[in-house]
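Listed below, chain by chain, are the residues.
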Amino acid sequence: MERIRNAQVLDRVREEAKEAIKNSRCRILICAGTGCLAGGSGEIYQRMCELVKDNPDVEVEFAPEVAHGPVEVKKSGCHGFCEMGPLMRIEPQGILYTKVQPEDCEAIFQRTIVKGDIIRHLLYKQDGLEYQKQDEIPFYKKQTRLVLKNCGHIDAEHINEYISTGGYSALEKVLFTMKPEEVVQEIMDSNLRGRGGGGFTTGYKWSQVARQKETARYVVCNGDEGDPGAFMDRSIMEGDPHKMIEGMMIAAYAVGAQEGYIYVRAEYPLAISRLRTAIAQAEECGLLGDNIMDSGFSFRLHINRGAGAFVCGEGSALTASIEGNRGMPRVKPPRTVEQGLFGKPTVLNNVETFANVPMIITEGAQWYKSIGPEKSPGTKAFALTGSVKNTGLIEVPMGTTLREVIYDIGGGIKDDGEFKAVQIGGPSGGCLVTPHLDISLDFDSLKKMGAMIGSGGLVVMDTNTCMVEVARFFMNFTQNESCGKCVPCREGTKRMLEILERIVAGNGTLEDLDILDELAQTITETALCGLGKSAALPVMSTLKLFRDEYVEHVVDKKCVSHTCTAFRKFIISPERCKGCSKCARNCPVGAISGKIKEPFTIDTEKCIKCGACESACAFGAIHIEG
Amino acid sequence: MSYMTINNRRVAFTDEKNVLSVIRKSGIDLPTFCYHSELSTYGACRMCVVEDDRGRVFASCSETPRDGMVIYTNTPRLQHHRKMILELLLASHCRDCTTCRENGVCVLQKLARQLGINYVRFENTKPQLPIDETSDCIVLDSNKCILCGDCVRTCEEIQGIGVLDFAFRGSKMQVTPAFNRRMAETDCVGCGQCRSVCPTGAITIKYNVSPVWREVADPNTRVVVQIAPAVRVAIGDKFGIPKGENSLGKLVAALRRMGFDEIYDTNFGADLTVMEESKELLERLESGQNLPLFTSCCPGWVKFCENRFPELRGHISTCRSPQQMFGALLKEEARMNEADKRRTVVVSIMPCTAKKAEILRPEHMTEGEQDVDYVLTTTEVTRMIQETGIDLAVIEPEALDMPFGISSGAGAIFGVTGGVTEAVLRRLMNSSNVEVLEEISYTGVRGVDGLKEATVLVGEREVKIAVVNGLKTAGELMERIKTGEAHYDFVEVMACKRGCITGGGQPVPIGPRTKKARLEGLYKIDNMAQIKLSNENPIIQNLYQGLLKGKEHKLLHNE
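Top line first, the protein sequences correspond to chains A and B.
Heads up: the first sequence at position 16 corresponds to 16 in my numbering, and the numbers run straight through without jumps.
Heads up: the second sequence at position 166 corresponds to 792 in my numbering, and the numbers run straight through without jumps.
The set of hints was computed from the structure by calculation and includes no laboratory data.
Please read all numbers here as calculations on a predicted model, not as lab measurements.
Here a beta-carbon is modelled for each residue, glycine too, at the ideal position from N, C-alpha and C.
Any given hint might turn out to be false.
If the Cβ cut is set under 10 Å, some of the chain A residues that face chain B in the computed set are [what the hints assert, rightly or not]: (1) VAL311; (2) GLY327; (3) THR478; (4) GLN479; (5) SER482; (6) LYS485; (7) VAL487; (8) GLU498; (9) THR522; (10) THR526.
In isolation and in its complexed conformation, chain B is listed as follows (with noise of 0.2 Å):
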């Protein structure tokens, strides 16, 4: 154990990886724009700057702990410093904090009333840019950025992408895609993590509020809800209930309130989902073709991988991924329906951003017709619920409608890394014997790491299966699944790391605690449903004999 000084009290460190890092545990919250423990140390907005025994000022994240250091964080010179460095900031973006979508959340926003800003001395002299709304998932504008490079590091080191990069240098830098092409044009998978990062409203979610009120407002149409697993344990978010919290039945109960017409979970669209993909595994291990069979309930990683790996594509999954199943199920039963004369809007509210394109792929439209119509993330539907003045902290929890109100846990988990796989297994496995499910549990499947292996025995077979969460990880996997070098049969990749409950349309921020929060919501909610095997569904197994009977190829697959 090695002792620092940190204002004149002597605190203990051990491995951290840096002098902010001693700080921060001992309790003081150094502001900062460009450091996240998960991406490389960028050391450009130098908020973190600390002061030495000898006067010598540097940036803490930058720093390595030595035994005996004596550091002071907040002396006059440290004050003068941070509060021109966030001046210099403020005077180069736009100051019209009232009617910009991080009003509250921005982080920029946060610390100029945290130091004190009184005045900018500067007047902001940067030209203009055009806003970037052309992709279908986030919307770019150039003018709110700081350049603290959050985004690009996090698409180049955890998703392997690199869309986002620096253009220009000195003030006139910008963050942009190459040779200055819109976002619609990029490699972009619309995964939304640079969103996540973004400390300022500079990458924003690409709302579609005002059309799902239009549609809420209109009597001639029936709106129905989807609600995707990961949403429950991040809405009360920004309502004070506590991080990881299930507040599912107050979410239905306000969705209600609001005027939707029927509320349903995705968690019943993953029990498809899992049905449908056991099979197609289980074909595909008898036949011995297109393996590895990769998962598609990821649209990240679904056009990751047509982007980048499109001699792979074959290995994706026919199957539609739980939002489309679900939203194919209930366009073909207005259709069925001809009593009811209103025309079926489905909205799904989902913790993800590309999850937007998806429902404009042309292989998710039926008839001429979306079977999604709208994606609502976490984060737009938290600013409706704001917007009706309805408390989510005291609102009384309600029950989902009927007839598809009812899931297994398997569909709960598909919204943590190794939940597909795990809800996969047990379908397999066909066993609700609490031991067979927890040894499924222990293949491991679960934990947060960026790839994890595993080889189970389905009959006879014995069944590689590789987990990954981050696309940067798949990435490299995906290369040596193509050289020969890995070998599986079932590949599970989720875009986000730690998988949905990090999804680029959650409420942010979301640090450590949150992460471990939401990721233990969801296997809890697991560890209370009754019914733990999706084949136990009883509606499913209804819907097998009825209305997807015959249909289940036009329904739920892709061609």
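The following block holds chain A by itself, in its conformation from the complex (with noise of 0.2 Å):
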């Protein structure tokens, strides 16, 4: 790899990076996102190679004009339409197919790389429509890709890839035309705001580290992204991660860093490997280590793995655990800023936020807030999930409603199901119900609702959801992440889970929903950190849209979506069933009874409602009453 000495290299190594896509007859784009490597796309990256190595001199019918270079085959980062993988987009028409298996890769060669046709059953459809071109899908052509432009675009395991979509351009700009102090004040203008939920100005925040009188100084970013639900910073560490390091990089700069952690969950393997990939071959070619593209400008990065503790996510506990303690979220002040990893003036933001930041230099701060509402602008990547046609991961303008999201993106309801509610920031967010489905998504505007962005995992509910049972599985997530210290969030969080399990399981009464609205009162204003002080949220929040069906549970002993095991009732309808006893076949206790050719009965007393006869029945005869 070229040694980038200075930035005339690398202006150059961009052309030629650009210039060796370009005569590529066809790029075949594989997702390697962690859905689609679920799905199997690793042995279709494999199968592809092979049949590109077998055929070295194929003809590529549809780009005649570049045929001298070669036919690539990469791995890119998660596309985001996760619903739709294993996902394969090939350049340069943009095709994308969708849930393509191993055994299609021979007739995507055969008939669309040689032939250039396409193959109709791998392209996805809506509505009776079927749709080539990737940009051309719903799901993408309401989105607003910046942060994730690159994701699915570009092969992540190699730095030239990134160069030459402008990567480094803005390290390059500030290095070489701004003072540090010019680039705080362009993120301040941007008016960025902190990605990882609580929305703090980024430049501001960078404003305190860089007036701080310790000279000795930290970046960190924080990729400990432990919402249920929510892989925003994992695709952007798996599929773009030279973007973040970018960011970083313009941070460090800014505030006179020379050092930097990466804080990664181990449970993301591929990103830190990705991660490992991008340092290593930025400090091959000259972008990382001493004197940058010789600007005396110095810079190391080192990734962190977590061990696996949500609470990690939290500022103080994240630094307590690369300094090797345990993580456990320390009073403030002092904050961060003052004394954070190693008792020095720390930046610390979230992936998605230092993703931000090249495009910001780039492009100006005026132009980044022309996007979403000035006092939140830019745009917000979602991991869109639950009962939505489309799940995956979304970027669109903050500001965006949430019906757009839902709809428009979504594709609506899944099963043409009716929509609840969505839950918003994960579990320490609230939820959001049809009334709010036309407030705008920004910091603010759900401040207002009592809910929060979070890092921007959205779950997506249906009628048939069961609220209390949505509150009792992130309560059930809190009280395990807890870390302990605080009495509020340690015990508070214990006892709120008990009485929740309760409820579900029909031994609920009212005084307990008198008790979980004490108990969240306390956990709220009393627990230590931030975690804590919004552990009681989807409680609160449920309790507070959702009261009728908590009342339900403990007073009416019913479930409305059958969801709560406790109150289902299994019946066997006499008009249907016909006594062929295959219902008292396969209950597993002996519950069910009845005389061959006449209906059958179930013995409530003794059914475990599993519901293996009802989908034993072969004629609907038995259903959940209620």
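Starting from two chains that each stand alone, build the complex the way the hints lay out.
Here is the structure:
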């Protein structure tokens, strides 16, 4: 790899990289995000590589003008459309094949690559339409992909691909044309706010670090993305690691830090390996290390693997963990900007925040502010999951409404069900319901609704969801992940969980609802850290919006969505039952009896509510009462 | 001077490090479990929450005081939160107060009464954990732990050992040695400082009360007691006697009524130590070998040095501690006295939990028998006195027994940091002239700093002295000695801050006022003593001519 000694070399390398990509006859980008890998994209990649290797001189029909270059097979980062994975993008046409299987590879190669034919059954279809090109698919068309722009389009394991897209030009710009304080000012002017949950103004944070007396400083990237169902940061680290690294370097230049740490959860092995590769390549070509591009600026970057504690996403717990201590939040002041990692002033931002930085530098703060609301500008990546047709990773301008996200991008509710609520912000967040569908998704509007953007998890729920069970699920998560330091969080969440478990098991009382309220207040107001303070939010918000459901559970002993097993009562409809005895034979506890050719009955005392009879019945005669 | 408004009253403050200190200074004793001024701020119990004029609720221990702050400490909201926190703590805590060692001392119990917790709405669903009784000094009962972390920080920040830490998370969190080891398998030195700060019965003293009662009741046993210097200024704590007052005479009277046969003073043992240790120092100064000489009176320190700095072991004085010298002497005397057919049992009353382990060390056995049979801490003896119903406050003081009932003031100050050094210096200067004594006390060996340094002239020779209290400071000093960065001739170390007066076996709580009173109490005893120098103790002189003759090494030194 060529050593990039100065800005001129960087420009030349970029031109060469662009040229190389342009010259390739065809680029086959196979999604190697975690979801697609799990779906078998690794094998698809192998097969395609072999096919290309076995047919070195293949004529590529659709690109005769660049026929001198190679056919390239690349592993890309997450394309975002996880619901349809494994995904394969074929360039230069921009064809997107969905749900590709290894056995499709031969056909793809022979028909699409060689002959230029489209394989229709691999195309995405929606509302009777077929979409050949990725950009035309509504899921992508309605998005504004800025941070995720390169994800799925470049090979994340080669620095030149990033450079070819204009990568490291922002670094070049700050190093050679801007003073550190100008960089801080630019970020401050852009109103960029931290994407990790709090929404703190990034520029202000940097300026606080920059003005500390202590000269040893650190830049730390929080890649400890722990919310259930959130994978925005993972996708960036896996799909475009250099963008985030460049953002960190710009931060380091701005605040005068020479050393940085990336804290990634150990559950993200692919992200760790891609980051390692990225750092190694950046070091090899001189974009990381001493005297970068002869500018006098030096920066070293380390990777630190988290050991699976959700609480380490909290700033002071994260720095404690890097230091080798138990990951527990500490009291503030002093704040991280004053005494963070190793007691030194520290810039701590999350992955997505850093990934926003290069484009702000390149395009300018004014441009950035023109996207979304002025006080909360830019785009936000969301992990869209749950009962929505198109699950996956999306990016929209701040201020987009929930309706646009769920119906336009997400394609509406799965199985054409009815929307009930969306849980936003993970275990620290709250619920939004139908009347909230048109509010703008940005930090301030959500805060007013008692919810938070959090890191960007969006779990869509339909009417088949029990909100008490949702609250129990998140409380179970929070209780397991509480570090145990402060009493309200450690003991309070335990008691809230016990009560919620009692309610879903049919043993709750009305008094329990009051105790839940009381506990929630104390936890919210007295817990030590941000995670503790928000631990009760899912319960508070469901208790406020769906109190009827709670009351139904404790008074009527009923769960309308039939989610809570304790309330299920299986019955056999005598009109439909043919008396075949199949249900009785499938019942594991012998709760069903009857005479052949006469309707059978279920002994509800013995029934364990497993539903084996319901699935066994060929006549649809068994269902849950109510 | 800045001002803040606390509950509508203007309160002045200067350099208080947090709002909690200002509140407490203003006369409101806001409850806490995890706040100790000598430890780092942990902020976990959340009992000290206050509310400001904008309705923000925050923990006062971790907020810097600002001029013009307006805070409230007792709004209905705060009352609710505090009660809820306490209820939550009690819910996961065993509530068998009546059978708990810390009944009456427990802070959790005290606050439950103070805040009026009348019910606990949650069941204790915590699994019961085994009690760790493997240590000779303390007992760890995690079931009573409220996870305030006071012990963890004391062991780490004050003692620099870090035996205890948190393991597991959320409601499964525990305070335990690393890798689930038992206490006996750790580097614990037995100082018991964790026990002194523990607000509940989670860390308690290893009790030896029952076997001592049995010995006392046995007519065929002669139970001899020795009382350590720091005990006399703390034993009165639970009997309403003013803090720091010398209650030796009252304790003697009580012990005699309880059935102990002979009652002596460890100050006498201290006098022996001064004789031997000053002799050893002179020898080492002469030969120039094994300098600096480390004191050996404190078993916590000795164990610490052996664990952490085994290469420096040779520097530790070969002298036994006052307890062990006295024990060996008492047992030897008993062996010589063939007329008395009774079995002699030596019990020592100590401020210290580590002494319980010291008596079990193999070098403290003679002819297969322990030189000291039992160590009772001040706290245990307090309980024994309470059990008998004797009111220490009103009992008439009595004198110690003879022949070992006379000791010097030098022996008394062994109970505070710098005391051993001062006693040895007196011996080396060999003058009971008031001016000389004062000069020694002003060399810098007195005071509560972690590390004190002094240089004195012994004859022609300048002797460089370091006096340390607290093992963390000791560890730092040892590192400097090891690297050759620091040079001393004599180093005194006391494991506990301020010396034995704050020992792990002393009655708690030990607040700043109590510490000061106990320290002053011991210096007062010295001031009142007619004999200031150990070598002027007439019994000591006789002993060296009699019983000890030719046996100094056997009885008073370790190999």
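- Message: Could you work out which of the previously given hints the structure breaks and list their numbers from low to high?
- Response: none
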